[in-house]
Amino acid sequence: MDYRKIGFKAGLEIHQQLDTNKLFCQCPSKITEDIDYSFTRFLRPTQSEMGDIDQAAVEEAKKNRCFLYTASNQSTCLVEADEEPPHHANKEAINTCLTIAILLNAKPIDEIHFMRKIVIDGSNTSGFQRTALIAINGKIDNVKIQTIALEEDAARKIKEKNKTVNYGLDRLGIPLIEIATSADIKNPEHARKTAEKIGLLLQSTKKVKKGLGTIRQDLNISIQGGARVEIKGIQSLSSISKVAENETKRQMGLIEIKKILKHRIKKGDLENIKHIDLTNTLRKSNSNIIKKLLKNNASCIKAIKLPGFHGLLKQRDTRLGRELAVYARISTDIGGIIHSDELPGYGINEKEKKEIEKILGNKENDAFVIAIGKETTVNNALQAVIKRAKMFLDGVPEEVRRALPDDTTEYMRPLPGAARMYPETDVPPIRITPHHIQWIKKHLPEKIEEKHKRFIKQYNLNEEQTKQIISSGQDDNFEKLAKQFPNLKKVILRTLLNTLPELEKEGIKTENIDNNMLNQVFYALEEEKYAKEAIPKILKYLAQHRQTTIDKAIEACGLKKLSQTEITQIIKKIVDEKKEFIAERGKDSLGPLMGIAMKELRGKADGKIISKILQKEIEKTIISS
Amino acid sequence: MTRRRYIEEKLRAVDAKIGDTIRIIKDGKGMEGVLMPHHEFSGDDIVTIKLENGYNIGVAVDRNTDIVLIKKQKMGIRKTKKIPFDPNKPTISIIGTGGTIACYVDYRTGAVHPATSAEELAFSVPEIFEICNVRAHVAFQMFSEDIDVSHWKKLARYVAKELNNGVHGVIIPHGTDTMGYTSAALSFMLRNLSGPVVLVGAQRSSDRPSSDAAQNLTAAATVASKSDIGEVVVVMHGDISDTFSTIHRGTKVRKFHTSRRDAFKTVNDIPLGKIEDGKIMFNVEYRKKTDGKVLVDDKMEEDVGIVYSYPGLRPEDIPEKKGVVLVGTGLGHVPNRVIPKIKQLIDNGSIIVMTSQCIFGRINMHVYSNGRDLIKAGVISGEDMLHETAFVKLMWALAHGKNREEIERLMKTNIAGEITERTRADTFI
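Chains A and B, in that order, give the protein sequences. In case it helps, our numbering puts the first sequence at residues 7 to 631. In case it helps, our numbering puts the second sequence at residues 1007 to 1435.
Chain B with its partners taken away, still in its complex shape (with noise of 0.2 angstroms):
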C-alpha cells in the first residue's frame, strides 16, 4: 500500500472528512484541527490541518501516528440571491467561460473554486448593478490554454442569440492566456453586431482584496451598457496603477506579461479608447453597432498550426497542414533550406502565411532575397497582423474561400480590423 492510500484509509476509518476536526495523536502528543484538503506539493506522509489560531501546519503521519475524529462539520447553507432588475437601466448579459477572473477561494478548505454562475461573478463585484442589469451564463468552465474551436463556436452562438434576445451588450469574462485567441476568432465569426461584445480577464483572482477584477468588469460593464461600439473588444487594466482600463481591438489585442495587470496591448494601431471614472473616451474610429440580426458565421478549417522560425530550423519542422502560419524572423524570413519544403507543401495546396517575431511592424519579403524567394515560393504576407490572428483568420478563410486565389485574397481583405493600412508612428511599445 502506498503512504498515500494508508493514510487515506486511515482517515476513512475513523470517518474524517475535508472540513472536520481531528486530533493527530503523535508520540504522545495531540494537535486537533479541521482537515485540509492534500496540497499538490505536499509530501505523501502529510495530513494538513487548520488550527484553532489559522494557522495551516502539515503534520507526518506514520503507522505510529492515531487519528482520532473530534467531530463533524456543521455544514453551512449557501445563500442564494436574486439579480436586481431596474427597467431604467440597459441589460446586458454576461456569459461565463472560466478563468482568473471566476476563481474564489473556498475560505474553509483554502481550495481554489470556479464560480459556478455568473450570478456568483457578479455579486462578487456588485457595483455592477448600478450600471447596468445582469442576465447572467455559463457557457462553459475551463481554464483558456483548454479552449479551442468548438468552444469558439459555441460561444459565437451563445452571444448572438443573447443579442438578438435584445440585450444591449455582452460581456465574456475570460482567462487571459489566450483571450487574444478568442477575441480574434469571434471577431471573425460574428457579423452585423448589435451591440458591444467584451471579453474581459483578471491577472489576480477575485478572492483577493486587490484583484483587479472589480475595475475590469466594471469597466466592461460600462463599455458593453453605454457604448455604441459594433465590435468584439477586450477591456482590460491600462496601467498597473487603478486608474483606467483600455478598450483594445480584437484582433490587434495581445497578452504581453505573464502577470502584470496591464499585460494586454494594442498591437500596431492604438487602443479604441479607454474607460476612466466610469466615462468612455474614444481615440480612434470603429464599427458602429447595427439595428440588424446578428449572423454567426463559424465555419472553420481546422488543420491549421503555427511555426515559429529559429536558427537551425529544419524542413521536416513544417508540417504538412491545410494551412500554416509562419513565425518568421525580421521582416518575414525563414533559413533559406526550408524554402523547397515550403514551396513543396504550397503546390500540393498548403497555404502558407507569413507574420514576424518581431510582433511590432509589416511583414515586407520584398527586401531581402530569402523574402522573395518565399514570395516566388507562393508564401502570403500577413502584412501588420499578429500571428495568433493570422492563425485564426487562416483557419476561417480555409473554410471561406473555394480557391487558392479566393482564400489568398480573403487573408489580404481587412476583415474585422485585423490589418491597418497605415501604421501611426505612435503604435509602438
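Isolated chain A (complex conformation) (with noise of 0.2 angstroms):
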C-alpha cells in the first residue's frame, strides 16, 4: 500500500515505568497480590472554575461506584493511601527522564512543576494522576518528540462487580515516563522502528522496568478523508504496524462505506427509526440464544430496520456489526445484539430471517439489528445501535480505541478535551539548572547500537548472542564477569542467558544471587575446584542457602572435583563391568558407556577429560581380550 498516498499520518506515545523507587514516596515499585490492608472510598466531582458544581455530575456521583483498595505493607504506605502529602519527587525519576530528553535531543524545561490530572474513575486514590512536563521539541531520526513528562502510575484494576470496583494499590505512584511524537510517522512499519529506536534508548538507561505490563504504547492515526482515532494499549512492538495496518483498512473502509451509503440512503432514513417487538413471532424460534433469553419471562424481542446497511456490516476491515454491538454493550448491560448480516445463524433460519424483513417492510438494501432482554435494556441498546449507524455516514468518527490481542480495535470512548489540569501544590517547583544538565550529559549512558558493535569487537560474540545479552539487561553484569574471568567467556554467556532465566522457570530465587556470588562461581571454575556442568546445581543452591560458601555449596552438592587417578578408579570400574559389552561392541561401546560415566562423574569432572580415560580404558580392554 502507498502510505504517502492515502495521507496516513501518525504519532507514537509510549508509556514507560521507571526502575526506581515511587513518584512521591519511598516505596518500591514493586507488584505484589499480598493483601495486608482495605479501605473504601468514594470519589465526587469538584467545583469548576466559576465555583459552581455540576448538578448531573453530582447525580453521576451518586450513582457512582464505591472503589475499594486493597493493598500491601510491602508496596504502599499513607501516601498511596491518599492519607498522607506527597514527599519530594523522585530524584532518580528526574534524572532518568532528564537523560533520555538528552538522547532525544529534546530541551528541558527550566523549571518543572507537578501538575493535578482530574481522574475520577478510581484508579488513582486522589482523584487525579500527578504528572509533569520535563522536556519538549526533541527528535528521534526524522520524528519530532513533541512533548517528555514523568508521571505517576495508575492503580491496577482487580475486578469490577456490581457498584464496587477493586483496585490494588501496589502499581499506583511507580512513576512513568510518558514520550509523545508528532505525527509525523509515515507508515505502519515507520511506526513500529519508531517505537523500537525509543525502546532500546529507554533501555540503555538501565532504570526502566522490563517485562509485560510495563510498557504501554498508544498510537494516533489517521489519513486522507479519516479522522485522529487515539488507539490505546498496544503491547508489544510486533503488534504496533499490524494495529496500525489494520486501523488503515478500517478508516478506508469506513470511508468506502460513506460512498456506497450515501449512494444508497438520505440522511433522514436513519432518522425516526421504528423499534419493532418480535417476542410474539420469534417466541417458537429452536434458537438456543433466543429459547435461553426469552426464559425470563420480562424479555421481549426487538428489532429496527438499518436502511442501506445490506451487506455492509459483516466485512472483514471495518466489522460494522461488532462495532454497532460495542455501542450497545457500553451504553447498557445487554450481552449483544444480533444483525441481519450474520443470518441464517444462532439457530435463527432463513425463513425467519425472510419474515422479519417482511414484518420490518426491508428491502434489497436494507439490514436489520435484533436485540433480545429486559424492554428498557433493548430501548436504550437499539437507541446505541441507530446512534452510531448515522456515524457511518459521516465516515470516520475521532474517538479513543483499545487495542485487542488480534490487533484489531474496538470502540472505548470518545476522544477527550483538553484535560483539566491544574498545580500540585503540595510538590514544589524545581529547577533544572544548567550544572545540573551539564552533568546528565557528562554522565549520559552508552548508545545501544554503539555498545552492540563493541560488544562484537571486544568479547569476539557473534551478532545473536549480543542482541541476546543487551536485550536481557545483564550486559553489564557480563562485562564485568568477562573481564574478570576471559577464559570462561562463553560460560559466563550462557549463564547469564540460560541458566538463571531456566532457574527462574523453576521458582527458584535467582535474586538472590548477587554479582559477587557469581564471582565467587566463576572464580572456583577458574580454579577447576569443579566442573562447569555444575553451575545450575550450585546456583541452585546458593539461592536456597543465602549464609553459605562456594566451598560448602561444591560439597552439599557433592561435586568436588576428582583427581586424575579418582576419575580412572571410576572409569575403570565401569569398564570392568561391562567387558563383555565391550567385546561385542568394539570401539562404539564409547557412546553408551560415556552415558554411565557422565551419569556418575557429572560435575565432578570435565567431560572431555572423561571421554579421554574412557577411550583409553576401552582401548586397553580390547587389546588385552
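No lab work stands behind these hints, which were simulated from the structure alone. Hints should not be assumed to be uniformly reliable.
[Claimed, not checked] Within a straight-line C-alpha distance of at most 25 angstroms, the following computed DSS-like cross-link-like pairs (lysine-lysine) qualify: (1) B:LYS1232 with B:LYS1285; (2) A:LYS145 with B:LYS1035; (3) A:LYS511 with A:LYS495; (4) A:LYS447 with B:LYS1032; (5) A:LYS123 with B:LYS1080; (6) A:LYS215 with A:LYS203; (7) A:LYS169 with B:LYS1285; (8) A:LYS393 with A:LYS265; (9) A:LYS457 with A:LYS495; (10) A:LYS457 with A:LYS199; (11) B:LYS1032 with A:LYS145; (12) B:LYS1285 with A:LYS447; (13) B:LYS1032 with A:LYS150; (14) B:LYS1294 with B:LYS1418; (15) A:LYS113 with B:LYS1160; (16) A:LYS113 with B:LYS1035; (17) A:LYS489 with A:LYS538; (18) B:LYS1035 with A:LYS150.
Quick caveat, the model's predicted, so the values are computed rather than measured.
Dock the two chains into a complex; use the hints.
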C-alpha cells in the first residue's frame, strides 16, 4: 500500500515504568498480590472554575461506584492511601527523564511543575494523576518528540462487581515516563521502528522496568478523509505495525462505506426508526440463544431496520456489526446484538430471517438488528445502535479505541477534551539548572548501537549473542565478569542468558544470586574446583542457602572435583563391569559407556577428560581380550 | 534591582497580568502560555506559564529574554446562586472560620483560596440541602493556628445568637489543627444549649475529588439538624474508609495524626456516637438540648501557658503567669529541681495544673515522692483531662473563681464533660 498517497499520519505515545522507588514516596515499585489492609472510598466531582458544581455530575457521582482498595505493606504507605501528602519527587526518576530527554535531543524545562490531572474513575486514590512536563521539542531520526513527561502510574484494576471496583494499590505511584511524538510517522513499519528505537534508548538508561505491562504504547492515526483515532494499550512492538495496518484498512473501509451509504440512502432515512416487537414472531424459534434469553418472562425481542446497510455489517476490515454491538454494550448491560448479515445463524433460519424482513418492510439494500432482553435494556441498546449507525454516514469518527490481542481495535470512548489540570501545590517546583544538565550530559549511558558494535569486537561474540545479552539487561554483569574471567566468556554468557532464566522458571529465587556470588562461582570454576556442568546445581543451592560459601556449596552438592586417579578408578570399574559389552561392540561401545560414566561423574569431572580416559580404558580392554 | 523586581517590571511594561496570555522569547524561540502566579518556592528568575496542553512550566527569564503580551484574559462571571429553602426541613446555621475544609483552588491560576462565603462551602456539598435548610455566615477567615481567645468569644456569641434565633443546630467548619481547643473553649463558654454545636473539618481540601469534606459536612449536618444533643461536639471521619463519621465530645477530643482522615480520637472516654448511612447511633449518654435561652459566659483570663516537661527542664523554663498547665511525665511528674520554683510561683498566686504527656490515663501524684512534693507545693491534679482542655479550662476558671479555693474547686469539678470519674477499659488506643 502506498501510505503516502493515502495521507497516512501517525504519532506515538510511549509510557514506560521506571525502575526506581515510587515517584512521591519511598515505597519500592513492586507489584505484589499480598493484601495487608483495605479500605473503601468514593470520589466526587469538584467545583468548576466558576465556583459551581454540575448537579448532573453530582447525581452521576451518587450512582457512582464505590472503590475498594486492597494493598500490601511491602509496596504501599499512607501516600498511596491518600492519607499523607506526597513527598519530594524522586530524584532518580527525574534524572532518568532528563537523561532520556538529552538522548532524544529535547530541551529540558527550566523549572518543573507537577500538575494534577483530574481522574475520578478510582484509579487514583486522590482523584487526580500527578504529572509534570520535563522536556519539549526533541527528535529521533525524522520524528519530532513533542513532549516528555513524568507521571505516576495508576492503581491496578483487579475486578468490578455490581457497583464496587476493586483496585490494587501496588502499582499506584510507580514513575512513568511518557514520550509523545508528533504525527510525523509515515507508515506502519515506520511506527514500529520508531517505537523500537525509543524502546532501546529507554533500555540503555538501565533505569526502566522490564516485562509484561511495564511499557504501554498508544498510537494516533489518521488518513486522508479519515479522522484522528487514538489507539490505547498496544502491548508489543510487533503489534504496532499490525495495529496501524488494520486501522488504516478500517478507516479506508469506513470511507468506502460512507460512499456506498450516500449512494443508497438519504440522511433522514436513519431518523425516526421504529423499534418493532418480534417477541411473538420468534417465540417458537429453535435458536438456543432466543430460547435461553426468553426464559426470563420480562424479556422481549425487538428489531430495527437499518436502511441501506445490507451486506456492510460483516466486512472484514470494518466489522460494522461488532462496532454497533460495542456501542450497545457500553450504554446498557446487554450481552450483544444480532444483525441480518450474520443470518441465517445463531439457530435463526432463512425462513425466520425472511419473515423479519417482511415485518420490518425491508427492501433489497436494508439490514436489521435484533436485541433481546429486558424492555428498557433493549430500547437503550437499539437506540445506541441507531446513534452509531448514523455516524457511518460521516465516515470515520474521532475516538479512542482499545487495542485487542488480535491487533484489531474496539471503540472505548470519544476523544477527551483538553485535560483539566491544576498545580499540585503539595510538591514544590524543581529547578533544572544548566549545571544539572551538564552533569546529566557527562553521565549519559552508552548508546545501544554503539554498545552492540563494541561487544562484538571486544568479546568476540556473534550478532545473536550480542543482541540477546543486551536485550536481557545483563550486559553490565556480563562485562564485569568477562573482564575478570576472560577464559570463561562462553560459560558466563550461557549462565546469564540460559541458566539463570531457567532456574527462575523452576521457581528458584534468582534475585538471591548477586554479582559477588557469581564472582565466587566463576572463580572456583577457574580454579577447577568443580566442572562447569555443575553450575546450575551450585547456583540453585546458593539461591536456596543464602548464608553459605562456594566451597560448602560444592561439597553439599557432592561435586568436589575428582583427581585424575579418582576418575580413572571409577571409569576402570565401569569398563570392568561392561567387559562383555565392549567385547561385543568394540570401539563403538564408547558412546553408551560415556552415558553411564557421565551419570556418575557429572559436575565432578570435565566431560572431555572423562571421554579421554574412557577411550583409553576401552582400548586397553579391547587389546587385552 | 533584584531579579524578581526586574521580572515584575518586565511584565508590567507589557501590561501582562496573571491570567493573560504571553509569549516568552528566548534564544530566538518563543513559548506561549497563560501567565500563572509565582510559586513561593519558584526560582527568582522564573516566570510560570500554563501551556495550551494544560501543563505549567517555569521559564527562566534574563536580560536577553523578551516577553510579549498576546491577549488579555476574558473575565468570567461568577454565578451567584440562592440557597434553596424547604419549609419541611429543619434549619441550621453554618458559621465559617476558614481552614482546609473551606479552601478551593482557582483552576485557572491554581491559587488556593478560602471559600469567601459559607454559601460557596454549602454549594460544594449540595447534598447538605437534602438534609436541612442552611443559613450561611462567615465569622472570620483564618488558618486555625492563628485563632485565639478573641475568636472563641466571637464564635460563642455567634452561636448563641443563631440558636436563639431558632435554628435547630450550628455547624462550625474549622481548621483541624486547633479544632480541639476551640471545641473545648465553646464547651465552657456556652450554657443551656438549645441545639447541637458541631465543629467539623477536613484533612483533604474540598477541591480534591477525594476530599473528606463532603462526608464530614453531611455527617455534621445530620447531627446538627436531627439530633437532640445539647453539647459542643466534633464530627470527623471514623476510619480511613469513607464509611462512617464519629461524634466526639468537645472537651475530650484531640487530633492524633498530621494527615490521616481519622486523625481525631476521643481520649479517656468512648465517642458519643457515630453517623453511618445518614443515621445517628449513640454509644453513651449525653447532655440533651434545652428549650431555654442560650447564655454566653465568655470571661477568660488570657495569662495562661502550657509547659511541656522534658529531661533537663530548668526552673527558669516555667513562666510567671497567672495560670500554668504542666504537661508532666507519667502519672504527673516534673524534674525535682523545678519543684521549688513551682512552689514559689504558687505562693505568689499562680494556679498550676498537672496533666500528662501520656495523654491516656489519669493524673495521680500520690504514688511517687516527686508527685507528693508537687501536691505539697500546691499543684492541682488535672485528673483525666487533656492538657489542651485543661489549658482552656484554666483560662475560664481563673476568670470565674474569686480566690484560689474557688478556682481549684472549679478545676476539679466536671463542668462540660471534660473529667470522667470512671475510665472504661475500652478507652485506650
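Hint by hint, here is what the structure shows:
{"no.": "1", "hint": "B:LYS1232 with B:LYS1285", "in the structure": "holds (9 angstroms)"}
{"no.": "2", "hint": "A:LYS145 with B:LYS1035", "in the structure": "holds (16 angstroms)"}
{"no.": "3", "hint": "A:LYS511 with A:LYS495", "in the structure": "holds (24 angstroms)"}
{"no.": "4", "hint": "A:LYS447 with B:LYS1032", "in the structure": "holds (22 angstroms)"}
{"no.": "5", "hint": "A:LYS123 with B:LYS1080", "in the structure": "holds (23 angstroms)"}
{"no.": "6", "hint": "A:LYS215 with A:LYS203", "in the structure": "holds (16 angstroms)"}
{"no.": "7", "hint": "A:LYS169 with B:LYS1285", "in the structure": "holds (22 angstroms)"}
{"no.": "8", "hint": "A:LYS393 with A:LYS265", "in the structure": "holds (19 angstroms)"}
{"no.": "9", "hint": "A:LYS457 with A:LYS495", "in the structure": "holds (17 angstroms)"}
{"no.": "10", "hint": "A:LYS457 with A:LYS199", "in the structure": "holds (19 angstroms)"}
{"no.": "11", "hint": "B:LYS1032 with A:LYS145", "in the structure": "holds (20 angstroms)"}
{"no.": "12", "hint": "B:LYS1285 with A:LYS447", "in the structure": "violated (62 angstroms)"}
{"no.": "13", "hint": "B:LYS1032 with A:LYS150", "in the structure": "holds (20 angstroms)"}
{"no.": "14", "hint": "B:LYS1294 with B:LYS1418", "in the structure": "holds (23 angstroms)"}
{"no.": "15", "hint": "A:LYS113 with B:LYS1160", "in the structure": "violated (56 angstroms)"}
{"no.": "16", "hint": "A:LYS113 with B:LYS1035", "in the structure": "holds (12 angstroms)"}
{"no.": "17", "hint": "A:LYS489 with A:LYS538", "in the structure": "holds (18 angstroms)"}
{"no.": "18", "hint": "B:LYS1035 with A:LYS150", "in the structure": "holds (16 angstroms)"}
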